[in-house]
Amino acid sequence: MEFLFDNITALGALTAIALGFGALLGFAAVKFKVDGNPIVEQIDALLPQTQCGQCGHPGCRPYAEGLAEGEEINKCVPGGEDTIRALADLLGREFVPLDEEHGQTPETKMVAVIREAECIGCTKCIQACPMDAILGAAKQMHTVIADECTGCDLCVEPCPVDCIDMLPVPETLQTWHWDAPKGIGNRPGELIPVRNIA
Amino acid sequence: MIQVEVAYALPEKQLIVPLSVKKGTTMYDAVVQSGIADKFAGLDVDAVPMGVFGKAERKPKERVLEEGERVELYRPLIADPKEVRKKRAAKKAAGEE
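These protein sequence lines are chains A and B, in that order. This note's numbering puts the first sequence at residues 1 to 198. This note's numbering puts the second sequence at residues 1 to 97.
Here chain A stands alone, though its shape is the one from the complex (with noise of 0.2 Å):
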């Protein structure tokens, strides 16, 4: 008799513990669940934000969700070898070069240019820009914001009256800055090794 009660009471204890358990991680699960993949943030910070479209994808977010799923890590043009060194940093992946058929990374800066006295004022080209670069309505002129155009060239081929060239931005004093210094320390997310000389 005395035997059968310990089976019951060891029963249970262990019943009850199941139950205290189930309910933290069932309480757990709701209280701190996470929106999204939060890797998906992290890398999203490390595109260039042109929503160029170039990697394939309609804009960076989405390539930044294809990353966290596994897609290939040299696919942003804009970006160019410092966004896939970042990225391979954080997705602790191996560094490759630039996927060729996404495009290469120019190597002057371009800017689009609207040739005015042929430009017919139909907004195709506003409407393709990602970044809002180009000022104008329908039946007005539309003129290029070059601080803001990221040389992406995506208005080029809507526009029907082919009035966009893209050009290299002229290097003037204003424009003109040193290189980014080649070796350590010039790529994100690296770190330049301190030494402290007491």
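Just so you know, these hints were derived from the structure itself, not from any lab. From a predicted model like this one, the values you see are computed outputs, not experimental measurements. Glycine included, each C-beta is placed from N, C-alpha and C at the ideal position. Accuracy of the hints is not assured; some may be wrong.
Claimed, not checked - A short list of chain B residues far from chain A (calculated; beta carbon distances all over 10 Å):
#, residue
1, M1
2, D29
3, A37
4, D38
5, G42
6, F53
7, R85
8, A90
9, A93
As the list claims (entries may be wrong) - Heads up, simulated SDA-like pairs for lysine to any residue below, C-alpha to C-alpha not over 20 Å straight-line:
#, chain 1, residue 1, chain 2, residue 2
10, B, K92, A, W176
11, B, K13, A, Q174
12, B, K91, A, D82
13, A, K139, A, G121
14, B, K55, B, E67
15, B, K13, B, D29
16, A, K109, A, T50
17, B, K13, A, A146
18, B, K82, A, C122
19, B, K39, B, E5
20, B, K86, A, E116
21, B, K22, B, M1
22, B, K39, A, D147
23, A, K109, A, D82
24, B, K55, A, P158
25, B, K55, A, D82
26, A, K139, B, K86
27, A, K124, B, K82
28, B, K13, A, W176
Unchecked claim - Pulled from the structure, derived: some chain A residues nowhere near chain B, Cβ distances all over 10 Å:
#, residue
29, Q51
30, P78
31, G103
32, C119
Since the structure of chain A is already known, use the hints to place chain B on it.
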């Protein structure tokens, strides 16, 4: 207060002025407050057509702005769209023959 922008663009000089304005400010008021007319010679804020993000607005003095909107001041076209289209059609026809 809400954040808006006022923008005007010439081929060689473009300007976007960020601005914080009171809620209920109209497009026209924002343009005046931005002082953009002082930066471009010959820009008359009373006559220039304006719009928000590529859409022209007929009555800029009545259109109330919302957070994040960009007021744009437009310039007229140089080409006559009909002429350009005619020319293109003629060119195409000539090319096909």
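Hint check, failures only: Failing hints, ascending: 6, 7, 10, 12, 15, 25 and 32.
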